[in-house]
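A.B. asks: Note that the protein sequences, when read in sequence, are chains A and B.
Just so we're aligned, residue 1 is where the first sequence starts under full-length UniProt numbering, counting upward by one.
Just so we're aligned, residue 1 is where the second sequence starts under full-length UniProt numbering, counting upward by one.
Honestly, the hints are just simulated from the structure, not real lab data.
Wrong hints could be hidden among the right ones.
The list cannot tell twin chains apart, which means a pair is met if one copy fits it or any two copies do.
[To be verified] Below, computed lysine-lysine pairings styled on BS3-like, alpha-carbon distance capped at 27 Å: (1) K239 with K280; (2) K84 with K280; (3) K92 with K307; (4) K92 with K283; (5) K284 with K84; (6) K247 with K167; (7) K281 with K333; (8) K167 with K84; (9) K167 with K333; (10) K281 with K113; (11) K167 with K307; (12) K239 with K84; (13) K167 with K239; (14) K92 with K167; (15) K307 with K113; (16) K92 with K304; (17) K284 with K247; (18) K283 with K113.
Predicted model, so just to flag it, every value in this text is computed and none were measured.
Protein chains: 2
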Amino acid sequence: MSSSGSSTSLSTQVQRLTSVASHIRNNRYKVVVCRNLGPDVMPLLEERSELDLVVWPEDRACDRAWLLENIQGAAGVIVMLTDKVNPELLDKAGPSLRVVSTMSVGYEHVDLKAAAQRGLKVGYTPDVLTDAVADLSVMLALMAGRNGGIGTSVVQNGHATYRFVLKWQNYSWAPFGFCGPQLSTTAASPTRKIGFLGFGRIAQATLARLVPFGITHCLYSSNPSSPPNHARDAELSRKYNLQAVEKASVDEVARESDVLFVLAPGGADTYHLVNEALLKKMKKTSIIVNASRGTLVDSDALAKALKEGWIWGAGLDVVEGEPHVPIDHPLVKEPRCVIVPHIASATLETRRDMATRAAQNLIAAILGVQMPAQVDLAGFS
Amino acid sequence: MSSSGSSTSLSTQVQRLTSVASHIRNNRYKVVVCRNLGPDVMPLLEERSELDLVVWPEDRACDRAWLLENIQGAAGVIVMLTDKVNPELLDKAGPSLRVVSTMSVGYEHVDLKAAAQRGLKVGYTPDVLTDAVADLSVMLALMAGRNGGIGTSVVQNGHATYRFVLKWQNYSWAPFGFCGPQLSTTAASPTRKIGFLGFGRIAQATLARLVPFGITHCLYSSNPSSPPNHARDAELSRKYNLQAVEKASVDEVARESDVLFVLAPGGADTYHLVNEALLKKMKKTSIIVNASRGTLVDSDALAKALKEGWIWGAGLDVVEGEPHVPIDHPLVKEPRCVIVPHIASATLETRRDMATRAAQNLIAAILGVQMPAQVDLAGFS
């Protein structure tokens, strides 16, 4: 984490500090909070006498017009993934602004270059959501393999097939009814290869959870510019008693994986990393899980792969263009595609931790002390 | 496993053997198979020249009338959970019958006393489904905690609330939207107690899978007549680095568990073990999972517990009276109740293994050699 303000010119700093001073209302720093952070976390902010809080009062995403009006003269703002932090917003805030603190691990909604140019600090919430996302990744892998989506819909509404609506009460048990590939190994099927596109904290936490299911191999691809970490891989392989933990090409990971987890950052570098060419290389019995960003997976290609049986199933926490995913979306219509509405970090414990971290980042930046988690803007300054 | 025929009187045996001989058609043993076991397993039976196979030809549960007609003079029968093996059926078969082989781990559908009285052998398929059921138990625990049911229905059909239908495209992201209790521990919430009602193979396989989620305690209650196994528990606790693995009263298990797994046999001894009194003792944030038999849980009590918030959520593979579980069933209507249609063993690998075991049991009994897995009928003879 670098101090993003270090390269700002002295005159800009003086101008900014003068401006901040003039914008302190009642000797307090104005802070805009784009969403109520709940009864456990709001007091962290409310009890700070240095802060003059302006909180979006409704239980829905913050109105843009409200934010643009209220951001004026603010020293800090706490935003969500739903709030776009662009030059328009930063200009409205004016030179008083010191910090943008987002309650998320991703920061695609924050124009980092514009923030760096204005000498701002940007806080985010990594690490605290690792376990919640790994939990959900395991859930999606199981649901996609085990007909978790169709199963619940058969019971709940009846599952519409092209011929009829299947309800549990009309279901005639069959030896291979509702069967899918088993995540756990068996005596007759003793190998399971797990693949990861992206092998950061969340991927490694997911790997740890899969070990007792009897998995035998872990293959991953990651940022091409980062060299293989043989020592770390050997240690993981030893610790988990796996036959291999290895960095491989994206193609090889696709070809070999029984379950392929997409857990890489979004952005231009990973746009449609999962496309027709990759899906065609996968095993017919394989499962794909995406709990990172919708942009990594080409939805049309995935729908085609499921319809034509190139792969067995998919479990998605994210879909490109979400939440504009209507019920006639090609992926929603695929029976072997399980989709949940971007809830990977949605646990009471984790969201409380994320909100706490967002508040702490903001307070630290305003008080001029070390932020618990600051986005490195060095590349932009 | 005891040889159930050992106490049959000599005259009965002679009578039976004579009868079998008279019923061999073309010098072969007639065997009725109540369901096609698939292309991987049927050859095991078809290639046996000693057998004369009669296979139910349709892709649905075997008609009772067809079974009663075809069972006459059979030496063996392969049945499913859906086929009731009662005195009526056994009498129709006549004294030629040697073996009833069920493709299931449970045998509530087989009248064991009637089978013992006739000197029959009964085969079943334990062990091979342990991992598949443990996998599904973990899936249900995650789904019940993480709004897996509501999540998929919001995306798929829109989730009907009492005020409106919530669809993903209309969902306004909220810091605590779709949140539930996290299965994994966190720094601020470092304890997870997992409870088991029944602590056999499946429960222990489920426990193993939960270890990397950071669970800290395991409490279980089991058959009151079986003494605590302190050595085994100490070994599990050491192996998994848990603070405790302990046998406790049903009440204590209910009171302490963050996730309570019901994994005990069905039958009169465990009927409605989970009732209002037990559910009232549980934590408000707790999850209950049933992947054993529907009869263990009082559906009305569970629906009340969910509606009134005594517990957080439930994940059910089985429901009393299934598959007669209409979409207006009180449990189906509870949004925090995730139900799948009795698919705990439904994986391609496991069902193939179960079908193989059912065929092997039948063949062994007919050839008079040791069956791979025989129900102990000693108590009935």
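A.B. asks: At most 27 Å between C-alpha atoms: does K239 with K84 qualify within a copy, between copies, both, or neither?
C.D. replies: neither (42 Å within a copy, 49 Å between copies)
A.B. asks: Within, between, both or neither: how does the pair K92, K307 come out at a Cα-Cα threshold of 27 Å?
C.D. replies: Neither, since 48 Å and 47 Å both go past 27 Å.
A.B. asks: Using 27 Å as the alpha-carbon threshold, which applies to K92 and K304: within, between, both, or neither?
C.D. replies: neither (45 Å within a copy, 52 Å between copies)
A.B. asks: Between the shortest in-copy and the shortest cross-copy C-alpha distance, which are at most 27 Å for K84 and K280: within, between, both, or neither?
C.D. replies: neither (36 Å within a copy, 46 Å between copies)
A.B. asks: For the identical chains here, do K247 and K167 meet the 27 Å Cα criterion within one copy, between copies, both, or neither?
C.D. replies: Classified as neither: same-chain Cα gap 45 Å, cross-chain 40 Å, threshold 27 Å.
A.B. asks: How would you classify K167 and K239 at a CA-CA limit of 27 Å: within, between, both, or neither?
C.D. replies: Neither. Shortest intra-copy (45 Å) and inter-copy (43 Å) distances fail the 27 Å Cα cut-off.
A.B. asks: Using 27 Å as the alpha carbon limit, work out where K167 and K84 are close: within a copy, between copies, both or neither.
C.D. replies: Cα proximity of K167 and K84: across copies only (23 Å, versus 44 Å in one copy).
A.B. asks: Up to 27 Å between alpha-carbons, please classify K281 paired with K113: within, between, both or neither.
C.D. replies: neither (38 Å within a copy, 55 Å between copies)
A.B. asks: My question is about K284 and K84: at a cut-off of 27 Å on alpha-carbon distance, are they close within one copy, between copies, both, or neither?
C.D. replies: Intra 40 Å, inter 37 Å, cutoff 27 Å: neither.
A.B. asks: State whether the alpha carbon distance between K167 and K307 is at most 27 Å within one copy, between copies, both, or neither.
C.D. replies: both (22 Å within a copy, 24 Å between copies)
A.B. asks: Checking K92 and K283: alpha-carbon separation at most 27 Å within a copy, between copies, both or neither?
C.D. replies: Classified as neither: same-chain Cα gap 52 Å, cross-chain 48 Å, threshold 27 Å.
A.B. asks: Tell me, please, which holds for K283 and K113 at an alpha-carbon limit of 27 Å: within, between, both or neither?
C.D. replies: Intra 41 Å, inter 48 Å, cutoff 27 Å: neither.
Hints 1, 2, 3, 4, 5, 6, 10, 12, 13, 14, 15, 16, 18 from the list above are not met by this structure, while the remaining hints are.
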